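Undergrad: Protein chains in written order, with the numbering used here: chain A, 1 to 84; chain B, 1001 to 1371.
Treat the hints with care, as some may be off.
To be verified - DSS-like, lysine-lysine: derived pairs with alpha carbons at most 25 angstroms apart:
| hint | chain 1 | residue 1 | chain 2 | residue 2 |
| --- | --- | --- | --- | --- |
| 1 | B | K1211 | B | K1079 |
| 2 | A | K47 | B | K1041 |
| 3 | B | K1270 | B | K1114 |
| 4 | B | K1079 | B | K1182 |
| 5 | B | K1041 | B | K1079 |
| 6 | B | K1211 | A | K40 |
As the list claims (entries may be wrong) - Chain B is nowhere near these chain A residues, computed Cβ spacing over 12 angstroms in every case:
| hint | residue |
| --- | --- |
| 7 | A3 |
| 8 | F24 |
| 9 | S29 |
| 10 | R32 |
| 11 | E35 |
| 12 | T39 |
| 13 | G41 |
| 14 | C42 |
| 15 | A49 |
| 16 | I59 |
| 17 | F60 |
| 18 | R74 |
The hints are simulated quantities; they were obtained by calculation from the structure and are not laboratory data. None of these values were measured; they are calculated from a predicted model. Positions of the beta carbon are idealized from the N, C-alpha and C atoms, including for glycine.
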Amino acid sequence: MFACYYTFRSLTAAQQAAMLLRRFGIAASVVRTPEFAATKGCGYAIKVADADEASTGFIFHREGVSYMRVIHIRQDEREVGSAF
Amino acid sequence: MIYLDNAATTLHKPESVYEAVEQAMRTCASLGRSGHDPARKAAETAFLCRSAAADFFELPAERVVFTLNTTHALNIAIKTLVRPGDRVVISGFEHNAVLRTLYALNAEICVAGKRLFDPEDTIQAFESALAGEPSAVVCTHISNVFGYVLPIEEISAICRRRHIPLIVDAAQSAGVRPVSLKDLGAAFVAAPGHKSLFGPQGTGLLLCGEKPIPLLHGGTGSSSRDLEMPEFLPDRAEAGTQNIPGVAGLLAGIRFVNAYGLSEIRKHEKHLVEVLRERLARIPEITPFFGASETQSGVVSFTQNRLDCEFFAQRLSETGIAVRSGLHCSPQAHASAGTLDRGTVRLSVSVFNTVEEIEEACDHIRHVIRS
């Protein structure tokens, strides 16, 4: 079981993206970016279920939402992969 | 007490504002620092307020920056666009938040339009002043002394045509008249949260058409490894802990204004000003400054020769009428209107004032004059 974290450069950007996803019925919560994934230190991410990754990516692409990277994190909170 | 000093700050707020501030103080932690529930609540409150302001002023949410007040917002805006010694055009009715900042920058200040309640003259003055290709234009939307509604749409059109960045001081217009960053095409609009948006003191907004230069440097809860302030908004201009209880109150205030409706607010204030105009006209010893209805907001000044204006205001205060007197932090406005030597007594209304209050205030003004 994984969760997808889409990281953003700012809290406001993450909040806007979460609001967008919720409008499309995707459960999205704004969380702190895991420190190992925060390339510049301290950031915010949107956490969505692994099953929603494809839809999320599609919506972000269509709506022109820029994120920094996608991280897949296991239930035990270890990273299993990431993409930009 | 009849409170008629709303141009300084609104004292009477909607009940929802008091409740929102208290609720935020009890439940919200710091914005953009942690991931726990109280921090998430703070983040959600800030986002809702930013979004509400963004809809209200027509710009993207991330371009809404929280400030302490209009002065703070104007400082960011002016220090972004103006370098020491630059030529800047301002109106004849600017507040010291503009004048002092430009003076500190040793800017070459060109004052355009000093005729009160004369929009045609103001437009022409700006047209010729901008031929000198200033670095920026700073213009108040409504004079905080006389309530003169400047032709900001026409001024902004001139600035756009000449590609000169415009900073609008919306201290007296935000929450009373439509202010759209998109329509004005301004570089920046500065607005208070604590006047006609009914938020608490300690709140303000900088609406960013351009990217500001940071005035404060510090923690933003983002990109912490970078020693430079973030490039992106709003973080770039929001260093340090934000006034989340204030932001919560401001959100409630914006919602109140939306629910009441700008046109209804304007209609109410217009009616109060008409009553004021009619009543003050019955007191021959005073000289009120009024413009035609479309150029006059709910801020009205008058002079009289009986008492120093500060003593006059003090006498009114003793009878339960709260007004402001003196130069109102706007010596430029007084210089333009010819009242710099003695100042004015200023009354300023809000939606919470009633016709009865205006009539009673005028009765007290007459009484102070005659006693």
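Undergrad: It remains to establish, for every hint, whether it holds in the given structure.
TA: We went through each hint and held it up to the structure:
1. B/K1211 with B/K1079: It holds: about 12 angstroms lies between the C-alpha atoms, which stays within 25 angstroms.
2. A/K47 with B/K1041: holds (17 angstroms)
3. B/K1270 with B/K1114: Between B/K1270 and B/K1114 the Cα gap is close to 24 angstroms, so the pair holds against 25 angstroms.
4. B/K1079 with B/K1182: Since the Cα atoms of B/K1079 and B/K1182 sit roughly 22 angstroms apart, the hinted pair holds (cutoff 25 angstroms).
5. B/K1041 with B/K1079: Judged against 25 angstroms, a Cα distance of about 33 angstroms means the pair is violated.
6. B/K1211 with A/K40: Given pair B/K1211, A/K40 holds - Cα atoms ~21 angstroms apart, limit 25 angstroms.
7. A3: Given a closest Cβ separation of 14 angstroms, the condition holds.
8. F24: Label holds. Min Cβ-Cβ 18 angstroms, cutoff 12 angstroms.
9. S29: violated (9 angstroms)
10. R32: violated (4 angstroms)
11. E35: Since the minimum Cβ distance to chain B is about 10 angstroms, A/E35 lies within 12 angstroms and the statement is violated.
12. T39: violated (8 angstroms)
13. G41: Label violated. Min Cβ-Cβ 3 angstroms, cutoff 12 angstroms.
14. C42: violated (4 angstroms)
15. A49: It holds; A/A49 is separated from chain B by about 18 angstroms at its closest Cβ, greater than 12 angstroms.
16. I59: holds (18 angstroms)
17. F60: holds (16 angstroms)
18. R74: At about 19 angstroms from chain B, A/R74 clears the 12 angstroms cut-off, so the statement holds.
In the structure shown, a violation is registered for the earlier hints numbered 5, 9, 10, 11, 12, 13 and 14, in ascending order.
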